[in-house]
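The chain contents come next:
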Amino acid sequence: MADRVQDDVIRQQQETLLGADELVLNMGPQHPSTHGVLRVKLKLDGERVRGTECVIGYLHRGVEKIAENRTYQQFAPYVDRMDYVAAVSNGLGYCEAVEKLLSVEAPDRAKVIRTILTELQRIASHLLWLGTHALDIGALTPLFYCMREREEILKIFEKYCGARLTTHAFRIGGLQYESYDGFEQDVGRFCNDFERRIQEYVDLLTGNSIWIGRTRNVGVLNAADCIALGATGPILRAAGVKWDLRKAQPYAAYERYQFEIPVGTNGDTYDRYMVRMEEMRQSRLICLQAIENIPAGAIMGKVGKVIKPVPGEVYHSIEAPKGILGYYIVSDGTTQPYRVRIRPPSFVNLQALDKMIRGHLVADVVAVIGTLDIVLGEVDR
Amino acid sequence: MLDSIVFYFFAGIAVLSAALMVTRRNVMHSAVFLVTTLLSIAGIFLQLRAEFLFVTQIIVYVGGIMVLFIFVIMLVRLDVPLHQMRFRFQRLVALLVAFALGVEVLVILLLARKLPGAGLFVQSTAPVSKLPPNSEELSRTLFSNYLLPFEIASVLLLVAMVGAVVMAKGRKRADES
Amino acid sequence: MSPTTQAVLQFLQAYWVELVCGVVIVAAVPLVAGYAVLVERKLMADMQARLGPMRVGPHGLLQPIADAVKLLIKEDIIPRDADMLIFWFAPVISMVAALTSMGALYFGPAFRVANDINVGILFVVGVSSLGFLGIILGGWASNSHYSILGAVRSTAQLISYETAGGLAMVSALLLAGTFKIRAIVEVQSQNQVWFIFLAPVGFFMYLVASIAETNRAPFDLPEAESELVAGYMTEYSGFRWALYFLGEYANMIVVASVATTLFLGGWLRPFSNVRWLSWLDFSPVLVLVALGVYCLYRAGKQPVKVQSGFMWAVALGCFAVAALFLTPWIFSPLRFALPGLNGAFWFLLKVSAYIYMFMWLRFTLPRYRFDQLMHLGWYILIPLAIVNVFSVGLALLLEMEFGWNRWLALIVTTILTLGVAAYLVHLNDKRGAAASAAVVASDSYAG
Amino acid sequence: MMSPAHYLFLSLALFLIGCVGVVTRRNVIVVLMSIELILNAVNINLVMFSRVFGDVAGQVFALFIIADAAAEAAVGLGIIIAFFRNRETVMTDEMDLLKW
Chain E
1 MADRVQDDVI RQQQETLLGA DELVLNMGPQ HPSTHGVLRV KLKLDGERVR GTECVIGYLH
61 RGVEKIAENR TYQQFAPYVD RMDYVAAVSN GLGYCEAVEK LLSVEAPDRA KVIRTILTEL
121 QRIASHLLWL GTHALDIGAL TPLFYCMRER EEILKIFEKY CGARLTTHAF RIGGLQYESY
181 DGFEQDVGRF CNDFERRIQE YVDLLTGNSI WIGRTRNVGV LNAADCIALG ATGPILRAAG
241 VKWDLRKAQP YAAYERYQFE IPVGTNGDTY DRYMVRMEEM RQSRLICLQA IENIPAGAIM
301 GKVGKVIKPV PGEVYHSIEA PKGILGYYIV SDGTTQPYRV RIRPPSFVNL QALDKMIRGH
361 LVADVVAVIG TLDIVLGEVD R
Chain Y
1 MLDSIVFYFF AGIAVLSAAL MVTRRNVMHS AVFLVTTLLS IAGIFLQLRA EFLFVTQIIV
61 YVGGIMVLFI FVIMLVRLDV PLHQMRFRFQ RLVALLVAFA LGVEVLVILL LARKLPGAGL
121 FVQSTAPVSK LPPNSEELSR TLFSNYLLPF EIASVLLLVA MVGAVVMAKG RKRADES
Chain R
1 MSPTTQAVLQ FLQAYWVELV CGVVIVAAVP LVAGYAVLVE RKLMADMQAR LGPMRVGPHG
61 LLQPIADAVK LLIKEDIIPR DADMLIFWFA PVISMVAALT SMGALYFGPA FRVANDINVG
121 ILFVVGVSSL GFLGIILGGW ASNSHYSILG AVRSTAQLIS YETAGGLAMV SALLLAGTFK
181 IRAIVEVQSQ NQVWFIFLAP VGFFMYLVAS IAETNRAPFD LPEAESELVA GYMTEYSGFR
241 WALYFLGEYA NMIVVASVAT TLFLGGWLRP FSNVRWLSWL DFSPVLVLVA LGVYCLYRAG
301 KQPVKVQSGF MWAVALGCFA VAALFLTPWI FSPLRFALPG LNGAFWFLLK VSAYIYMFMW
361 LRFTLPRYRF DQLMHLGWYI LIPLAIVNVF SVGLALLLEM EFGWNRWLAL IVTTILTLGV
421 AAYLVHLNDK RGAAASAAVV ASDSYAG
Chain X
1 MMSPAHYLFL SLALFLIGCV GVVTRRNVIV VLMSIELILN AVNINLVMFS RVFGDVAGQV
61 FALFIIADAA AEAAVGLGII IAFFRNRETV MTDEMDLLKW
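Residue numbers (our numbering), protein chains in the order written: chain E, 1 to 381; chain Y, 1 to 177; chain R, 1 to 447; chain X, 1 to 100.
Note that these hints are calculated values from the structure, not bench results.
Misleading hints may appear alongside valid ones.
Listed next, the in silico DSS-like pairs over lysine-lysine satisfying Cα-Cα at most 25 Å (straight line) [claimed, not checked]:
(1) E:41 <-> E:355
(2) E:43 <-> Y:169
(3) E:65 <-> E:355
(4) E:65 <-> E:43
(5) R:301 <-> Y:169
(6) E:65 <-> E:242
Put together the whole structure using the sequences plus the hints.
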């Protein structure tokens, strides 16, 4: 292995455009397209990328360590700050993990509302991804259309729990808030509009030859590589692996609803784009099915004011918008977790960056960072 | 009056920046000063009522050749020339040779009795208003009397293009072919 | 009176029109460029379902002035290792080149600086292309990797697309048979047809090449804000940055004017030879009055008194200019100014339409990648431009030597060119498929 | 126009400066640029005499020289790039091998 790396280095040195040293370009931590404070060191030969090195940790806040000094309820708002564009999904994963540790289950009504909100959050997360990804590739307009639709979702969140971004929408054991009057109508109206709106993005991008040229065969990651690198979510599905925890290990209320898992074939940037677009459509369908019939009943399960799980450990993972989000919680029988380990999808997916852009051009770097759909709050935690 | 102002203006800039071009150590500065020289020479062409050459000078020399030079200077990314002018001796020799050459040409010019130009065989210069339209006249001559040289020049450019591509492209990388 | 003063006076007497026009251009272009930015932002906002600048003045009408003031008083930062001389000088080159090239343009039959020079259109193109030197040198002098990448991209782009653009222009020049700007428009007037209809392929290629030459999206790779931060302008700030910006917009005006002159009939009114459409000569007045009335309508709706006052002022300004346009009709001794005024109106209208096209494309299309840009330039545009020159020449030959109808000849040859274009695109698609199968494409600078 | 002498002296000056550049500078790129300067000095003479004699042939020759200069620059810079790729230098006194 070491030999191969060394050979690689030597060959890279021989290959450079004019035999001069490689140009080392420091992309980030303050760069318009690294989506936060990611820093990528690029070794360039002309414009061709010969190697990359990711430098992360600029946003490290020690979320996992904080968990050890907070009670189970107190820690719940912290997970919202990881993937702050998909806070609801983070909360769902954490609440379900603790519920699993406590061996309680949320009531049906809570589960359905959780599902609706999580799917809306998936749409919102994908919309933000689509807008910024398109902006990275140079299409200015989709961003504003995406923001317009995302605004509608955020308004629903705001009406529901008072917060737009870091919602802390769920509680351990169920929900704190009953759904507000007109919740179903709001979601239904959004879903009905959204079908037409998504067509606008399709018109702007899907058939555009520049868009296809910029995304097709760029950042290819095949199924074997995905599995080897642990890449999950749309990246894995775009490579043709039909793996979605909502189907594979149903949680919340997903087993009640009909939906498809979109998969791609090549595992390139265009396929990931198509997969995410289709996921938005499927999420819309799930929401529509769910608001048809929200079961009545309690919204909070049998959980006491003081959460004190028996000593033990639990791992629970959900399909967050960006991939598999896992919580591993160890309890020592006190009110505070002994250890919380989080498996954030962005962090794991970011590993694939080097594999995906080696040999491509500088312009593809931003396209690939965009298509990975990373959030630095989650990468650095 | 206007004529002489224009001439001295352009000639002054041309000579000054040519001298700076040769003496600047930074290659990019040299290139910039050469651009200035070429532009002022274009001005001289205009003053001589050679409009087409004036534009050709700007488009081909400044817009083409000099851009190529600057491109290459950027590509070869030299650090500041460390031991430029290692042989002071050489500079001396060069100045001597140039001086000798200058004196030689001057003597030849002066031998042609009085100041040059006055001693040359000169028909009376046509006034500006009587000149035929420059680009029409030039193209007529170029495509009638000088058609063969024109074609040869185009072949020369083709050869140069192929040669430059072959030179600059280098060996094909083994793993990419 | 000393001889020097006399000479100066003589000079002024001979060239006062040119001087006045030159001063007007130098004074007006920054203002026009500033408002072009505002128009662009407003258009972008409209296409993106938002409002755009609204704060400074009614509907943001004073935004450009606020921007200019901000840029002027901003701290001037020069990187420590920058090459001072070139760093200072480069933005000036950009701006000066664009302004100088306007000197040879005709904005209407009367408004010009240089009297119809023999090589007019070549001068405009040649001098405006010097602006690239400013970009290249500025990128190099900044001593930053982003800047130098932007500069290198800019060089390669310039060399590729100047060629294509120049060859596209040749098709119109063949039809006109002259380099003189005034004469080109007069030929279009005599032929009673704009060259865009005679050489549509040439016009389209010039459109593409001129977008690339002015570094506008989708060819804005030298600045590519999402990849190279701001490309060659990364290290620039304050007024030096503003000079680059002005240079870019001035350059847009230049290429739009060249396209208008060559392909869109210059200052000619649409159907300038059709008698019963002569009422179109009143359209400047009509447009201005309509604009003024609209401003009055909006003035009532302004939330702040100052803003509605400003709207009133704009409306009155419109009416005043309309009255100015109307005076020659009423007051016959001023009739001679009429062609000049109307010509300028139509010319500027066409230029605006052309620039609108630029903006529209910018908001719609993603950005090309560098190798794709080179492929488009070298594998499609340049071969097609050469074929286009041949086919226009062939059409002229058929007309002059074999007595074909001009329209028939041009339609036949245009179809020929389009066939070649289709073949080139097909070839390129095939090459693209083959290249992407190998994933790693060939060296992008090999050209 | 001015008298021919003015142009002759201008072109002589540029020519000599170019010669000095060719001989003294070690950087091949600057040497190439000096050669361009020499060619331009010649062009001034050609155009001036074309104007003096009222014969456009001089300008035609100047045109050919510009074409030639373009060809020369392209090939010369190509050689420089090839050389730089192998030796990482563009200094004349380090170009001391015909082949390696």
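Evaluation of the provided hints:
Taken as a hint, the residue 41 of chain E and residue 355 of chain E pair is honoured in the structure, with Cα atoms around 14 Å apart against an allowance of 25 Å. Between residue 43 of chain E and residue 169 of chain Y the CA atoms are separated by roughly 21 Å; this keeps the pair inside 25 Å, and the hint holds. For the proposed pair residue 65 of chain E and residue 355 of chain E, the alpha carbon gap of about 31 Å is over 25 Å, so the pair is violated. With a CA separation close to 35 Å, the supplied pair residue 65 of chain E and residue 43 of chain E exceeds the 25 Å bound.
Distance check on the hinted pair: residue 301 of chain R and residue 169 of chain Y sit about 65 Å apart at the alpha-carbon level, beyond 25 Å; violated. A C-alpha spacing of about 34 Å is found between residue 65 of chain E and residue 242 of chain E, which places the hinted pair above 25 Å, so the restraint is violated.
In summary, the structure is inconsistent with hints 3, 4, 5, 6 from the numbered list given earlier, while agreeing with the others.
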